[in-house]
Amino acid sequence: MVSSLWERKRVVIFLLLAPALVLIFGLLLYPLGYSFYVSLFDLNLTRPGTRPFVGLGNYLEALVNRQFWSSVSKTVYFAGLTVSVEILVGLAIALLLRQKFYGRGFVRGIVILPWALPTVVNGIMWKWIYNANFGLLNALLFKTGLIDKYQVWLGDAWRALHFVMLANIWKETPVGVLMLLAALEVIPGELYEAASVDGATVWQRFRYITLPLLKPMIFILFIIKTVWAIREFDLIYIVTRGGPAGGTMVLSYLAYLNSFKFFRMSYGSAIAYLIVGIALLLGIPYLLGFRQPREEGV
Amino acid sequence: MTKILLYIAVLVLVAVVLSPYLWLFISSISTKADLTKVPLSFFPPKPTFESYSRLFRGGVGVTDAASQFKHAVLNSLAVALVVTFISVFVGSLAAYSLTRFRFKGRDLLNFLVIIPQLLPPIALIIPLYLIIRGLGLLDTKLALVLTYNSFVLPLVVWLMIGHFRSVPVELEEAARIDGCSRIGVLFRIILPLVSPGIAATSIFSFIIAWNEFFYALIFSSTLSSKTLSVLVEEFSSKFGEDYVLMSAGGVLASLPPVVLALVFQRYIVQGLTAGAVKG
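Protein sequence lines correspond, in order, to chains A and B.
Taking my numbering, I'd label the letters of the first sequence as residues 10 to 307.
Taking my numbering, I'd label the letters of the second sequence as residues 1495 to 1773.
Bound-form chain B, shown alone (with noise of 0.2 Å):
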């Protein structure tokens, strides 16, 4: 009986998470007749997946949004990969130096990276805002790259942090007294050592730069630094009502991340309950 209620409640549980994102994807291959027949047949007679052509490849009655999304696509993944670059590199020699060494103001620097986990994004988009537009910036691929730091980088010292401690110091000191030199250790030694850490970080970063918003929709509004999440949510409101298309559009922007958070489910997990990260 109590195993009975058992998979009742898994059942339900594997329902409710599923099923939304299930009838995105169903969505995306239906056509518009099949989704605004009244009542709703709930799988399409004729699945098809010409929307995600049309994204690709355009064709007829493509919206002007549709035909952006390659552009957007190229934006996503230029902006995210390069921030991922630059965030773990600098924020992985920052995060070892915090570990390893013991000086004035460290405390305080274990502290700031700690706060852009609780600073409401607004607060950071006006001043960034400001600043970027003084710089004529606004709408450029470089303005979100260097913004994006402001969330990512935090993130990825605090994450590393933790990495870097578990690596035992005597291994560093043996290495010393062999002759290596500081840089030599952490190049030589550590960072070979801490490579998964890294590899799961970098994974982190690339999941919270790819599915960023606001900043995204403050600082870039032509195809010059549009990303994929702004494109996506004018399909729902700017460019008429193409839930074919809409769909499509969701389920392609949701797949890296979705991929990602799956093969490396135990990185993840480990990140998130290391840091957590809202996504």
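Next comes chain A alone, as it looks inside the complex (with noise of 0.2 Å):
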């Protein structure tokens, strides 16, 4: 009677997926739940042994707090700039790969490069550069007489903001050139010609004919780079430890001081959600438009 066990169709769909489920369901929807569960009340691992219910008191605290909100506009700020230059210069990019050249597979081979880079060596190799008193960004600014003395390029606030996201920017690029070369791929060359012939100019083909038809997937780039944009903390962790004076205190940063370094795991909870809730609020679309085309099953 086994084979035919093995043959009803329940007990195959459970046997390939209860793996799965298991996991998905303790590593993810368990905590996530569990993480709401601790947000409502005040657990602090200074204070063992106690835990008093706050209700939404930590939500309250975070919304009334300007340290949140100065962190809330370091974040928009820091996705909306990042992604921006990201898809702008990514569309840059991957039009060039485009083009006929001597030696174009090696360089569309190394555009992966900063992509598999661990997000660690990005960032102590930008820190390295960036340092104020051997860095090579003031050693060639210097030499190219840019600078007449050596900088501190991330001694305030505002500069250290903005050096992050280059190194951020560096980083994150490739993605985009990927995707938008594999879009480029698709659009039939006889368009192109079709436009040639008619007499479209260089900008007019790539204003009537690439653009429209780019508009999907630089949506969906944009949606999802922001998401990503909006999490960043490895490298403000690694370059910048949030500072100097909070000037990269984006809200990962802000929600693991506050639950690692402070022990507030409710606070930092509370604030992990508010992130939660602006991430799946930008990524709706993304759910919608890019989920794998339905298919029929027996």
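Hints should not be assumed to be uniformly reliable.
As the list claims (entries may be wrong) - Taking CB as the label site, the calculated pair distances span: (1) A/K152 with B/L1749: 54 to 62 Å; (2) B/P1686 with A/F110: 36 to 44 Å; (3) B/V1663 with A/W78: 48 to 56 Å; (4) B/F1579 with A/L54: 28 to 36 Å; (5) A/N142 with B/F1543: 21 to 29 Å; (6) A/L54 with B/S1675: 46 to 54 Å.
Claimed, not checked - Part of the chain A face toward chain B, derived, beta carbon under 8 Å: (7) K18; (8) P28; (9) L37; (10) W78; (11) V81; (12) S82; (13) V85; (14) I102; (15) Q108; (16) I119; (17) D243.
It is worth saying that the hints were derived from the structure and are not from the lab.
Yeah, the Cβ is synthetic: ideal placement off N, Cα and C, and Gly gets one too.
Can you join these two chains into the complex? Each is in its own frame, and there are hints to help.
Right, dumping it as structure tokens:
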């Protein structure tokens, strides 16, 4: 009878899915539920034994806190500017890599390098380049006469934020390049030929053929990259630790700081939940638009 | 004229992509005196690979961080390999049933596997930390292996759904008519056909798990579980400022993912465009 049991569709589906369901429940759904539960209390690991119920108190505390809002505006600024630059530069690079030139295969190959680099290596690499005393950036700019003395690039809040953004743009642009390149490859060449015959200029061909056909991909990139930028933590931890003077204190770092430096697990969870809210709000068009195309099953 | 502009643009691109990484490599084969000289000479007069041998063999003036290097490499390797194995095995089975069968809740599950792409890691790290702490598993490789599945597994399911889709249903139907069981079809017909997809997905998972930093930063603290990512960061913060060793550590930590990505470029690009994976 064993074989007929194996033939039953429900049994097969269950056996195939069970291990994944266990892991997804245990590592994703349960923790997310648990952290919402925790966010309703005042759990502080430096005060074991007590954890008073505070309801939505932690959320309210965040929402009336100036540091939280300053963090929101830094996060939005960080995401908005890096994503815009990444997509614009990415589009330019993708168009460049569509041209015919000697060594194109090699150049297309190395574009993947920043993506493959561990975030940690990216972080220490740029921190070293920005080094105030011996960094490459200072040496290059000094040698070419653009600065007359070495600068402390990560010294003030505003500057540090922009230099972290630059490091992030370097790392994150390739994904966009590769995705845009894939979208460019499927535009039929005949469209351009027909347009040329009709006397369209290079700009017109870009404006009326390339750009409209790339729109869906640009939209997807914009959403997913914004969500990624909003959750950025690694680079900021490594290069600036949220400083100087809170200049790079984005939301993820603020949540980390409260949870793992001040051990205010509940307040940290509440901030994390607020980030999740923002990310999901932005991500919903992505979820709806980027699902695998439906296919009938048996 | 346009040709010249084109080549100038290409050169600028190559320089921007390669020079930061090249500088890390040059720093790793310099001496401390070379790097702290002002004005900088940009290339060491006498390049030396001594920093690399110090990382592996120890030697004079080796910091605490450097002596931990071998352990961290092994930890990273063990965690990334085991996570890849579990995720690819479990995820492939799930992806197959999500592709081939129609059942209640399928759409919900399809939806669930994209959510982690949108979740900020901190939202999972806080509760996972409390859970792992409660289980007494802090600072173990087991904790990393388990928790890494929270982002690798959904990615594997997502990528494998795409690969299973590319196998025509008719092949399965033919095998079923010939008397093959449902499970038999999967293991004898389908899995061999999608093996390139499995290879591609495994490479992806390995790179993502190897490169991970935030989870390891929170869940591991000593040699018993500290990964290379965490150690390399400590080179740049905790252990004085040995730029040479830090650079050598960085270059070594980046070698596996960089080499894999360059060699299996086609797979990686395919996966990136199918699922948009943050590195």
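The hints, checked one at a time:
1. A/K152 with B/L1749: 54 to 62 Å: Violated, since A/K152 and B/L1749 (Cβ atoms, about 30 Å apart) do not stay within the stated range.
2. B/P1686 with A/F110: 36 to 44 Å: 40 Å Cβ-Cβ, so the 36 to 44 Å window holds.
3. B/V1663 with A/W78: 48 to 56 Å: holds, 54 Å
4. B/F1579 with A/L54: 28 to 36 Å: holds, 34 Å
5. A/N142 with B/F1543: 21 to 29 Å: holds, 25 Å
6. A/L54 with B/S1675: 46 to 54 Å: Between A/L54 and B/S1675, where Cβ atoms are some 52 Å apart, the hint holds.
7. K18: holds, 7 Å
8. P28: Holds: closest Cβ of chain B sits about 4 Å from A/P28, inside 8 Å.
9. L37: holds, 6 Å
10. W78: violated, 18 Å
11. V81: Check failed: Cβ of A/V81 comes no nearer than 13 Å to chain B, outside 8 Å.
12. S82: violated, 17 Å
13. V85: violated, 14 Å
14. I102: holds, 6 Å
15. Q108: This hint holds: A/Q108 lies near chain B, its Cβ roughly 6 Å from the closest one there, short of 8 Å.
16. I119: Holds - the Cβ of A/I119 comes within 8 Å of chain B, reaching about 6 Å at its closest.
17. D243: Interface hint status for A/D243: holds (5 Å vs cutoff 8 Å).
Consistency note: the structure conflicts with the earlier hints numbered 1, 10, 11, 12, 13.
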